[in-house]
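Chemist: Residue numbers (my numbering), protein chains in the order written: chain A, 1 to 367; chain B, 1001 to 1369; chain C, 2001 to 2137.
These are calculated hints, taken from the structure and not from any lab test.
A hint or two may mislead.
Unchecked claim - No farther apart than 25 Å at their CA atoms in a straight line, the calculated lysine to aspartate or glutamate pairs in the DMTMM-like style are these:
(1) B:Lys1291 with A:Glu318
(2) A:Lys311 with B:Asp1307
(3) A:Lys344 with B:Glu1274
(4) A:Lys29 with A:Glu117
(5) A:Lys311 with B:Glu1029
(6) A:Lys286 with B:Asp1293
(7) C:Lys2018 with A:Asp308
(8) A:Lys184 with A:Glu99
(9) A:Lys77 with C:Asp2011
(10) B:Lys1291 with A:Glu281
(11) B:Lys1299 with A:Asp308
(12) C:Lys2002 with C:Glu2129
(13) A:Lys280 with B:Asp1071
(14) A:Lys280 with B:Glu1029
(15) A:Lys184 with A:Asp151
(16) A:Lys77 with C:Glu2026
(17) A:Lys344 with C:Glu2122
(18) A:Lys311 with B:Asp1071
(19) A:Lys344 with B:Asp1061
(20) B:Lys1002 with B:Asp1071
(21) B:Lys1116 with B:Glu1029
(22) B:Lys1299 with A:Asp151
(23) B:Lys1291 with A:Asp78
(24) B:Lys1291 with A:Glu276
(25) B:Lys1299 with A:Asp78
(26) B:Lys1291 with A:Glu117
(27) B:Lys1299 with A:Glu315
(28) B:Lys1299 with A:Glu291
Since this is a predicted model, take the numbers as computed values, not measurements.
If you want the building blocks of each chain, they are given just below.
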Amino acid sequence: MNIPVRHATTAAATKLAIVDCDIHPAYRKPSDLYPFMSARWREHMETFGEHLRQGLSGQLCWPRMSAFGMRADAFPKDGPPGSDLELMRRQHLDPNGVEVGMLMQLSKGGMEERNLEFAAALSHAINDWQLETFVKPEPRLRAGLVVPQEDAAFAVSEIDARADDPSFPQILISPRSSDPLGHKRYWPIYEAAERCNKPIALHVQGYPGGHASTGSGWPTYYMEEHYAATTGMQNTLTSLVFDGVFERFPRLKVVLIEGGFAWAPALAWRMDKHWERMRKETPHVKRPPSEYVRQHVWFTTQPIDEPDNPKHLAEVIEWLGWDRLMFSTDYPHWDFDDPLHTFKFTMTEAQKAKVFRDNAKALYGLP
Amino acid sequence: MKVPIKGGIDCDLHPAQPSMTALLPYLDEYWRDQVVDRHITRYSFNLTSYPPNSPLSARPDWQHDASSDLDAIRRQALDAFGSRYAICSVLHGAVALFNEDMSMALCSAVNDWVAKELLDREPRLRASILVPVHNPERAAAEIRRVAADRRFVQVLLFAMGDAPLGRRIYWPIYEAASQLGLAIGIHAGSTYRHAPMSSGWPAHRVQDYVAQSAAFEMQLLSFLAEGVFQQFKSLRVVLMEAGFAWLPHLLWRNAKAWRGMRAEVPWIDRSPAEIIREHVRVTLQPVDTPKGDAATLAKTLEHIGSDRMLLFSTDYPHWQYDGTDALPDGLPEAIVKRILIDNPLETYPRLREGAQISDNASNSKEAVR
Amino acid sequence: MKRQVVARTIDVAPGHCKIVSVNGREIGVFNLNGEYFALANRCPHEGGPLCAGRIIPLIQSDGPGTYRLARHAEFLRCPWHGWEFEIRTGQSWCDPKSTRARQFDVKVESGESLVKGPYVAETIPVSVEEEYLVVEV
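Assemble the whole structure, with the sequences as input and the hints as a guide.
Modeler: Here is the structure:
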C-alpha cells in the first residue's frame, strides 16, 4: 500500500510554522526500553509485566475503532505508528510545518502502574528512551517528563533531576489518578513543577486509575468511554480549583491535552455559581473559579469540535480566551486534526498566530 | 427575572421528606414491625447529596418546619410563582439502601404517602414515582402500580447510581414508563456506589455537586449508545437540576464522534444531536450561564439549537436564585411561554388530562404577586 | 479534461483499490464487482488519504444489539476519522434512516435507505478500454 506523503507544495501552503502540542511517540517493542532499565526490572517486565487496574492484560477493555486507535496510513514497515522517526518526519513534521512538537508518551511510563517501585523504573526509563530516540536526533521535538503521580516523592526526584533540561518542557501525569488531582498528596509534584517553572500536562488516559469511568459506573460501548475521557478532565479541573491548588501554587500552569476545550467556559460558569453558594465550605478558594481557570489553565485543540454552524465554535473560543488555546494534531491517532483543515471558520492572522504557535511558545518558553 | 405570566408548570419541586413515623401507615405489617424494632424510625434517610442544612438544600427564607411543608409549598412555590402545576420529587434516601426488599418497601410507602398527603390535598401538585434500581423488574411493577393514579407523571431516578442508566438491564423501567406515558426523570444526586469522579472521591460537597453535570453527560451517552431511544421511540428523559450550558459541547462532540464510531452502534439511525434534542429535556434550574448576562444566555440557547428542551422549574426549596427571580435575566420573550407552559405540557402528556387546562390562562399577562 | 490510462483492469481486483498518481494528484481506482469507480485520494472532511482506507460493507441494524452487513465492499472508511463513504458516488453516509428494513436489496438505488452525510468525496470518471482503466482529469 502506498503511504501517502504530502508534497512540498502543500507544505508551502502552510505559511505558518506551528507548534504541535500533542504527538505520540511509540517504541517498536517493549524491549526498546531495556537499555534504560536495570536487569532486575528487565526481568520483572518479562515475567510479571505491568500490573494495571483493569481486567485485560496488554489491551484495553473497550477495543478502539481502528488498529491501536491509529490512523491507518501511519503504520511504518516495522513497528507501530509513532515508532519510526523518519516516517514521522516525512508524514507529519516536514509537510505540516511543525517547528516544535511536544511528545506525549502514554504507556509504560508508570503513571498507571500499581507496583510503585516498578513505576519509578519505568518512568525513568521512558524519559531516557524519549530523549535518546526522539529528542536528541530531532531538534524539533520535546518530551513530556513522565512521572508516576501516585508516588509523589519519586516524581519530585525525577522532576528535580531534569529541572534544567529544556528537552523536557513539561511534566506529564495521569488525570485518571487514584485520588482527584487536587488531593494534598499530589502537592509536592505541583511544588516541584512550580519550582522549575514547567507546566503540568494532563493527557487523557485509557488506563483506569482505580475508579469507574463515570460516577454511575462503567460504560458499555467505546462510544461512551471515549467521551468519559472528557468528563474525567472536567472533574479533574474541578478538583484542582476547589482543592485550592491554584491558590496554593500561584505560578503553577496546567495543560489539558486531548480532553477538548469547548466545555470549559460552561464548567467555569458552573463552578462560579456553586462556589458562590457554598463558599463557606471552601474558604481557601479565594477567587471565583473562572479566574483560576483563566490564569492557570491551557487547552489543546484536538479533537476539534465541529458544530453545524462553525461560527459557534468561534464564539466559544471568545469565551475561553484566544490565549488559552494551543493547536495539536494528536499524530498518529485516528482522530488526528490536520492543521490546514482544523478550523472551519475564518480566523484572523493574530488568532492563527496565537493558536498555532505563540501561545505554546509563551507557555513553554520556546525560542 | 420574575415569571411574567401565570399558569407555568414547575417541573422540579421538592417536598420535605416524610419521617419514618409518617410512613408507618403505608408499610405492611412486616416492615412496620421491622422499622420499629430495629429503630429505623430514628433515621431521616437524607441523601448525602443534600445535607439538610447546607446552603444549597434550603434557601434561608424557604426553611420551615416539616409539619408545615404543604402550607409552605402552597405559599412560597405555587402561589408565589403563579404555577398551574408543580411536579414533586421526593428525594428519599431509601434508594441508597442495599437491601432491595427494604428499599422497595420504603419507596412504595413514599409513593403512597405522596398520593394521600400531597396530591389529595393540593390539586395543583403532580408527582414522580420513586423506585430503587436494584431490581428493574420490581421497579417496573411498582411503576405500573402507582401509575394507575394519573397524577403521577414521571419515574424518578438519580444521576449517579450502580450502573449507567441506559444499560439494557434497566429497560423494564423504560418499557413501563413508555407504555404508561410517563417521563423518565433523572435528578441530580448519587447513591455513591461509585466515586463521583473517575479519579476518585473529592473532598468537598461543592465538588460532588459540580460533578453532577459530568454525570448527566455520561448518562445521556449511555441512553444514546445503548439505543434506548430506538427501542422506546416515544420515551422522554428529563434531566432535573442538571444545568444546561454544558449541552452544546456534548451535542457537537458526539455528533462528530458518531460519524466515525457508527459501526459500533449501528442502531443509532441519525445524528446524536437530533436524537437528544428530540428525546431529552432539562429543567431550568440551576441556570448555569453567568448571572445577568443576557448575551451569553442567548448564545448558549442558540448553540443548543432547540427551543423545546428547557422546562421551567423553581427547584424549591433549593437555593439557586433569590426572591422569585427564577427566570434568567434577558430570557428572550419568545421562549418564555415555551419554557413555562408549552414544553412541560408536551413532555408530560398526563398533565393534559382531566384538569381544566384553559388556553386563556396561559395567555394571561396578569402580573404574578 | 484529459483522458489518461492509469492501470490495467487486472491490476485492480474486485473489492480492491489501486492508488495512482495523475498530474501530481492521487486518485484511488476501485473495482466493485467488475465495475470501476475512482475517487480523489483526499477526504473532504480534513484532507486525509481517503483511498487508503478499508473497503467495507454497509453496517446496519434491526435494533439495539443487532448487527447486519449489506452491500459488501461498496463503502470506504476514511483512515483518519473513520467516516464512511459510498465508493460509487463519493457520498458520505452516516445517517441510515430505517433500521426496520429486514433486507437490503443490492439492486436498490444508492440513497434509498440512507440519509446523506455532510461531505462528498470527489469522484473522477473512469472507463474501461480493452484491458485498460482510463480516468478523466
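Chemist: So, for every hint listed, does it hold in this structure?
Modeler: Taking the hints in turn, this is what the structure says about them:
Only pairs whose Cα atoms come within 25 Å are accepted, and Lys1291 of chain B paired with Glu318 of chain A is accepted, the gap being roughly 18 Å. Annotation: proposed proximity of Lys311 of chain A to Asp1307 of chain B holds, straight-line Cα distance about 19 Å (limit 25 Å). The straight-line distance between the Cα atoms of Lys344 of chain A and Glu1274 of chain B is roughly 21 Å, inside the 25 Å bound, and the hint therefore holds. Distance restraint check for Lys29 of chain A and Glu117 of chain A: the Cα-Cα separation of roughly 22 Å lies within the 25 Å cut-off, and the hinted pair is therefore satisfied.
With a C-alpha separation of about 64 Å, the suggested pairing of Lys311 of chain A with Glu1029 of chain B is violated against the 25 Å cut-off. A hinted pair counts as satisfied when its Cα atoms are at most 25 Å apart, and Lys286 of chain A with Asp1293 of chain B qualifies at roughly 23 Å. Between Lys2018 of chain C and Asp308 of chain A, the direct Cα distance comes to roughly 34 Å. Violation of the 25 Å bound is thereby established for this hinted pair. The suggested pairing of Lys184 of chain A with Glu99 of chain A is violated, with an alpha-carbon distance near 37 Å, which exceeds 25 Å.
This hinted pair checks out: Lys77 of chain A and Asp2011 of chain C have alpha carbons roughly 23 Å apart, not beyond 25 Å. Restraint check for Lys1291 of chain B and Glu281 of chain A: the C-alpha separation of about 21 Å stays at or below 25 Å, so the hint holds. Between the alpha carbons of Lys1299 of chain B and Asp308 of chain A the distance comes to roughly 14 Å, so the proposed pair stays at or under 25 Å and holds. Between the alpha carbons of Lys2002 of chain C and Glu2129 of chain C the distance comes to roughly 15 Å, so the proposed pair stays at or under 25 Å and holds.
Taking the CA atoms of Lys280 of chain A and Asp1071 of chain B, the gap is near 31 Å; set against the 25 Å cutoff, the hint is violated. The straight-line distance between the Cα atoms of Lys280 of chain A and Glu1029 of chain B is roughly 45 Å, outside the 25 Å bound, and the hint therefore fails. With a C-alpha separation of about 13 Å, the suggested pair Lys184 of chain A and Asp151 of chain A falls inside the 25 Å cut-off, and the hint holds. Note on Lys77 of chain A and Glu2026 of chain C: the hinted pairing holds, with a Cα-Cα distance of about 21 Å set against a maximum of 25 Å.
Proposed proximity of Lys344 of chain A and Glu2122 of chain C is supported: the alpha carbons are some 19 Å apart, at most 25 Å. Proposed proximity of Lys311 of chain A and Asp1071 of chain B is contradicted: the alpha carbons are some 50 Å apart, above 25 Å. For the hint linking Lys344 of chain A to Asp1061 of chain B, the alpha-carbon distance of about 50 Å lies beyond 25 Å, and the restraint is violated. A distance of roughly 22 Å separates the Cα atoms of Lys1002 of chain B and Asp1071 of chain B; the hinted pair therefore holds under the 25 Å criterion.
A C-alpha spacing of about 19 Å is found between Lys1116 of chain B and Glu1029 of chain B, which places the hinted pair at or below 25 Å, so the restraint holds. Proximity of Lys1299 of chain B to Asp151 of chain A is assessed by CA-CA distance (about 44 Å); at most 25 Å being required, the pair is judged violated. At most 25 Å may separate the alpha-carbon atoms for a hinted pair to count; Lys1291 of chain B and Asp78 of chain A exceed this at roughly 57 Å. A distance of roughly 12 Å separates the Cα atoms of Lys1291 of chain B and Glu276 of chain A; the hinted pair therefore holds under the 25 Å criterion.
For the hint linking Lys1299 of chain B to Asp78 of chain A, the alpha-carbon distance of about 50 Å lies beyond 25 Å, and the restraint is violated. Only pairs whose Cα atoms come within 25 Å are accepted, and Lys1291 of chain B paired with Glu117 of chain A is rejected, the gap being roughly 50 Å. Pair hint Lys1299 of chain B plus Glu315 of chain A holds up; C-alpha atoms about 8 Å apart against a cutoff of 25 Å. Between Lys1299 of chain B and Glu291 of chain A, the direct Cα distance comes to roughly 21 Å. Compliance with the 25 Å bound is thereby established for this hinted pair.
When the structure is compared with the earlier hints, violations turn up for hints 5, 7, 8, 13, 14, 18, 19, 22, 23, 25, 26 and for no others.
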